[in-house]
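Visitor: Taken in order, these protein sequences are the chains called W and V.
For any residue, its number in this note's numbering is found by taking its place in the first sequence, counting from 1, and adding 38.
For any residue, its number in this note's numbering is found by taking its place in the second sequence, counting from 1, and adding 38.
Be aware that one or more of the hints could be misleading.
One copy or any two copies: either way a pair holds, since identical chains are not told apart in the list.
Here are the simulated DSS-like cross-link-like pairs (lysine-lysine), alpha carbons at most 30 Å apart as the crow flies [as the list claims (entries may be wrong)]:
hint : residue 1 : residue 2
1    : 357       : 277
2    : 307       : 324
3    : 103       : 360
4    : 61        : 324
5    : 61        : 73
6    : 48        : 324
Rather than coming from a laboratory, the hints here were simulated on the basis of the structure.
Take a look at the letters that make up each chain.
There are 2 protein chains.
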Amino acid sequence: MFQVNENYLKLPGSYLFSTIAKKVAAFTEANPEKKVIRLGIGDVTQPLAPVILEALHKAVDEMGKTETFRGYAPDLGYDFLRNAIVKNDYEERGCDIAADEIFVSDGAKSDSGNIQELFSADAKIAVCDPVYPVYVDSNVMAGRTGVYSEDTQTWSNVIYMPCTMENGFVPEFPKEAPQLIYLCLPNNPTGTTVTKAQLQEWVDYANRVGAVIIYDAAYEAYISEENVAHSVYECKGAKTCAIEIRSFSKNAGFTGVRLGFTVVPKELKCGDVSLNAMWARRHGTKFNGAPYIVQRAGEAVYSEAGKAQLKEQVAYYMKNAKAIKDGLKNAGYTVFGGVNAPYIWMKTPDQMTSWQFFDYLLENANVVGTPGSGFGPSGEGYFRLTAFGSYENTLAALERIQKL
Amino acid sequence: MFQVNENYLKLPGSYLFSTIAKKVAAFTEANPEKKVIRLGIGDVTQPLAPVILEALHKAVDEMGKTETFRGYAPDLGYDFLRNAIVKNDYEERGCDIAADEIFVSDGAKSDSGNIQELFSADAKIAVCDPVYPVYVDSNVMAGRTGVYSEDTQTWSNVIYMPCTMENGFVPEFPKEAPQLIYLCLPNNPTGTTVTKAQLQEWVDYANRVGAVIIYDAAYEAYISEENVAHSVYECKGAKTCAIEIRSFSKNAGFTGVRLGFTVVPKELKCGDVSLNAMWARRHGTKFNGAPYIVQRAGEAVYSEAGKAQLKEQVAYYMKNAKAIKDGLKNAGYTVFGGVNAPYIWMKTPDQMTSWQFFDYLLENANVVGTPGSGFGPSGEGYFRLTAFGSYENTLAALERIQKL
Numbered sequence: 039m040f041q042v043n044e045n046y047l048k049l050p051g052s053y054l055f056s057t058i059a060k061k062v063a064a065f066t067e068a069n070p071e072k073k074v075i076r077l078g079i080g081d082v083t084q085p086l087a088p089v090i091l092e093a094l095h096k097a098v099d100e101m102g103k104t105e106t107f108r109g110y111a112p113d114l115g116y117d118f119l120r121n122a123i124v125k126n127d128y129e130e131r132g133c134d135i136a137a138d139e140i141f142v143s144d145g146a147k148s149d150s151g152n153i154q155e156l157f158s159a160d161a162k163i164a165v166c167d168p169v170y171p172v173y174v175d176s177n178v179m180a181g182r183t184g185v186y187s188e189d190t191q192t193w194s195n196v197i198y199m200p201c202t203m204e205n206g207f208v209p210e211f212p213k214e215a216p217q218l219i220y221l222c223l224p225n226n227p228t229g230t231t232v233t234k235a236q237l238q239e240w241v242d243y244a245n246r247v248g249a250v251i252i253y254d255a256a257y258e259a260y261i262s263e264e265n266v267a268h269s270v271y272e273c274k275g276a277k278t279c280a281i282e283i284r285s286f287s288k289n290a291g292f293t294g295v296r297l298g299f300t301v302v303p304k305e306l307k308c309g310d311v312s313l314n315a316m317w318a319r320r321h322g323t324k325f326n327g328a329p330y331i332v333q334r335a336g337e338a339v340y341s342e343a344g345k346a347q348l349k350e351q352v353a354y355y356m357k358n359a360k361a362i363k364d365g366l367k368n369a370g371y372t373v374f375g376g377v378n379a380p381y382i383w384m385k386t387p388d389q390m391t392s393w394q395f396f397d398y399l400l401e402n403a404n405v406v407g408t409p410g411s412g413f414g415p416s417g418e419g420y421f422r423l424t425a426f427g428s429y430e431n432t433l434a435a436l437e438r439i440q441k442l
Numbered sequence: 039m040f041q042v043n044e045n046y047l048k049l050p051g052s053y054l055f056s057t058i059a060k061k062v063a064a065f066t067e068a069n070p071e072k073k074v075i076r077l078g079i080g081d082v083t084q085p086l087a088p089v090i091l092e093a094l095h096k097a098v099d100e101m102g103k104t105e106t107f108r109g110y111a112p113d114l115g116y117d118f119l120r121n122a123i124v125k126n127d128y129e130e131r132g133c134d135i136a137a138d139e140i141f142v143s144d145g146a147k148s149d150s151g152n153i154q155e156l157f158s159a160d161a162k163i164a165v166c167d168p169v170y171p172v173y174v175d176s177n178v179m180a181g182r183t184g185v186y187s188e189d190t191q192t193w194s195n196v197i198y199m200p201c202t203m204e205n206g207f208v209p210e211f212p213k214e215a216p217q218l219i220y221l222c223l224p225n226n227p228t229g230t231t232v233t234k235a236q237l238q239e240w241v242d243y244a245n246r247v248g249a250v251i252i253y254d255a256a257y258e259a260y261i262s263e264e265n266v267a268h269s270v271y272e273c274k275g276a277k278t279c280a281i282e283i284r285s286f287s288k289n290a291g292f293t294g295v296r297l298g299f300t301v302v303p304k305e306l307k308c309g310d311v312s313l314n315a316m317w318a319r320r321h322g323t324k325f326n327g328a329p330y331i332v333q334r335a336g337e338a339v340y341s342e343a344g345k346a347q348l349k350e351q352v353a354y355y356m357k358n359a360k361a362i363k364d365g366l367k368n369a370g371y372t373v374f375g376g377v378n379a380p381y382i383w384m385k386t387p388d389q390m391t392s393w394q395f396f397d398y399l400l401e402n403a404n405v406v407g408t409p410g411s412g413f414g415p416s417g418e419g420y421f422r423l424t425a426f427g428s429y430e431n432t433l434a435a436l437e438r439i440q441k442l
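Chain W with its partners taken away, still in its complex shape:
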């Protein structure tokens, strides 16, 4: 009789955002007259920019003619896209990354979930707490995380690095050296980040202890401060210790278009085993490339028109972020983030737990946010609001919250 992967059975409850979706659906069904405003999940709402639409239409037309039809894409992505990434995301920031170190994928979530496969079954991981759930859950499924304690809501074999208002949301080096360190900067969920100098310390630490940093830079387009790195490769020595995961979801509104990429430098090795070669093998075996039309849309992101249009889109969301931050502050809340990221991280009022505040906000203001505790134990007592709504909805939500 077949047996299942028992690691799956260790996962407590369901994926955070599925739980939220179910709660909201139940509320909406019970209160069909109430207009719910969603500032919960980090999903964009602005339509695709004209330059992206144009690229998509053009690529669709190409797929309709024998001479320009494209079948299977190159395993690792089309050169036109990989070259545009190298030039714009790396060369222009002084980072020496080659096209064959770029792996185009269907999105940062897939890559974040799959990257752990490259490492040994007993690799010890370190994560910030609170943290994007995919990092931990994908390692649970692979059997790396030990035993879960309902009490502490932690896994016995995971190193948690608390990021709270007490330490300014900057993780400290763990006492025990991990093999894998997940860093999402600017951070989801807290909306905070670290300076380039602080990131350099992490790179130095990883090189010193022989760890690999999985650097999730999905929010780099929102960075507004000068002293913050857009790529981990701006730090000296990062190519021997860091993998960078990038997304088109937040900088170009591709949450429903699906495109991302991962950088695995050729210098990143375990003995003479190249992680770049391993990831190439995984792509070749378990993936068949991102759609041609979507890769053309990705290329358009880097055109001059694309850059201009998307800068406006990012500015639109950051105007929301500022409105939320200022509005909540004025209403007496303690708030963080929103300067280099589209997320606002607030303390819940009156000692409410994160889920208590979630229910309270849904029921009384009909606003959906994300409970901080859903991202890890140190998120308890915090709550995340995103700037990805429309400006009108954002102001309406704030007005409702201020009236509470």
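Based on the hints, put chain V in the right spot on chain W.
Guide: Chain V in isolation, oriented as in the chain W frame:
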């Protein structure tokens, strides 16, 4: 110091089709004047059908307006597509499959590679030999396959079920009961298949020994014979033992568009653990849905116009298949397949090995095929040609082969 997943290091050589691509690139570079005809990889060449283009354009337009813009898709796929699949692929064939048993993905290759994650680390797998390399390689990466022998080109912990001209390419039940059985029918690479009655015997066997059948039905649109099942769920009892993987690549030309789905019936359980729930959890954690525009293209496949246009496309490729089969037969070759699948499986002439014939054909006819031995030891002495070229190229390739 971090350690890698050592199972990756056990993989011999590179992925089959990457090797072929490299060989062809080297030949083309050395012989720029020779026009190489590719009948190797199973990649389509006909442009997308008009109804698909229309659906894509329309969906792109929707993504350009706030009111119709779509962000993250539902984890498991949009209802419009899942419902169309249920109605057309299952209801109309008398199979009782519900929409929440359908999981839309970015393609059958991803699903084929990822599905093994649901099973225990020591699950014993059985594969046909020859076989689509992804089934074995993804299990190698997960550490299930034991030790590789260069001599026999087999893994110590994999059950191989030879499919050769001697047994009419119908696998026999293995002596030792496996936990996972991969069946691709109609078959890639041999182009042969089994009758519905023979498939029913496999379903009965799986239920009897407590195994799960991973049923890859990527080529079902090419079935021309009445007594062949289009879905494993046409067999009685399949819902308690079979997962079905489907593709839009071959029936609708989506190799570069990327769309597929997997059916995991709710009745498929290990004790009280539902594989349907486990796969949902995997999708929710490590995947973020197929692109909205691509799912709309998938929906169009099932429209009346879509069915008519794609029937023509399949007929076009099957005309190629018939031309190859008849042409090779007339030239004195022994050939199989090509009746219910777009692949022709031929014996190599003069006791040549598969790779010898590959080189011989590339150098002397400038035609690319796939060496049978690349699919497993029982593929040695065979060679695969695909019907996915243009009709003109197919005839030209045949003419060159006949002249050898």
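Visitor: Work down the list of hints and note, for each, if the structure agrees.
Guide: Each hint tested on the structure:
no. : hint      : in the structure
1   : 357 / 277 : neither (35 Å within a copy, 52 Å between copies)
2   : 307 / 324 : both (22 Å within a copy, 25 Å between copies)
3   : 103 / 360 : between (47 Å within a copy, 25 Å between copies)
4   : 61 / 324  : between (34 Å within a copy, 22 Å between copies)
5   : 61 / 73   : within (15 Å within a copy, 61 Å between copies)
6   : 48 / 324  : both (25 Å within a copy, 16 Å between copies)
Going through the hint list in order, the structure does not satisfy hint 1, though it satisfies all others.
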